[in-house]
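J.: Chains as they are written, first to last, in my numbering: chain R, 821 to 897; chain F, 821 to 897.
A couple of the hints might just be wrong.
Restraint ranges, calculated between C-beta atoms of paired labels, are given here [claimed, not checked]:
#1 G856/R <-> G856/F: 36 to 46 Å
#2 N880/R <-> A849/F: 15 to 25 Å
#3 V835/F <-> E851/R: 24 to 34 Å
#4 G881/R <-> K871/F: 20 to 30 Å
Listing some non-contacts, in silico: residues in chain R with all C-beta distances to chain F over 12 Å [as the list claims (entries may be wrong)]:
#5 H854
#6 K861
#7 E866
#8 R867
What the hints contain is simulated information worked out from the structure, not anything from laboratory work. Heads up, the beta-carbon is just placed ideally off N, CA and C, and yes, glycines get one too.
2 protein chains.
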Amino acid sequence: MSKSIFYHAGCPVCVSAEHDILNLINPDAVEIVHLGEDRSKIEQAERAGVKSVPALVTSNGNVLHINFGASLEDVKG
Amino acid sequence: MSKSIFYHAGCPVCVSAEHDILNLINPDAVEIVHLGEDRSKIEQAERAGVKSVPALVTSNGNVLHINFGASLEDVKG
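This is chain R alone, in the form it adopts within the complex (with noise of 0.2 Å):
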């Protein structure tokens, strides 16, 4: 099974919603990308049809907005 992707950027909803979401799922199952740090996944997670973070895209595509931190053109800007 292809891993979740969980994108966030750093602002602390994110860091919170990390935190929450990383008690819950097995560690080994996500994938964190923090987009404010490497910010050539930025495409990638629009192509995902991320609008904001943070969100969790799970591995059969679902995108799950959790909160709203930041849309991705704030990330961008």
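Fit chain F to the known structure of chain R by using the hints.
T.: Here is chain F on its own, set in the frame of chain R:
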């Protein structure tokens, strides 16, 4: 450790999110509450800080609103 509680209301986006969440989380660690079927839990959800469903209230009390299915006002209506 107390369980996380996943609140939903049976709307399509909720069911999809529920399916995804349950694939990722140990089912023994999460309680599923269908607010449409168990309306007595709406007040409990509000007290926990839930504004819309689907939402996951983690065992440490954080509320993760996932996508946006329906506001609690809509669930009550």
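J.: Each hint: holds or not?
T.: Here's how the hints hold up against the structure:
no.: 1; hint: G856/R <-> G856/F: 36 to 46 Å; verdict: 39 Å, holds
no.: 2; hint: N880/R <-> A849/F: 15 to 25 Å; verdict: 21 Å, holds
no.: 3; hint: V835/F <-> E851/R: 24 to 34 Å; verdict: 26 Å, holds
no.: 4; hint: G881/R <-> K871/F: 20 to 30 Å; verdict: 27 Å, holds
no.: 5; hint: H854; verdict: 19 Å, holds
no.: 6; hint: K861; verdict: 20 Å, holds
no.: 7; hint: E866; verdict: 17 Å, holds
no.: 8; hint: R867; verdict: 19 Å, holds
Every hint, counting from the list given before, is met by this structure.
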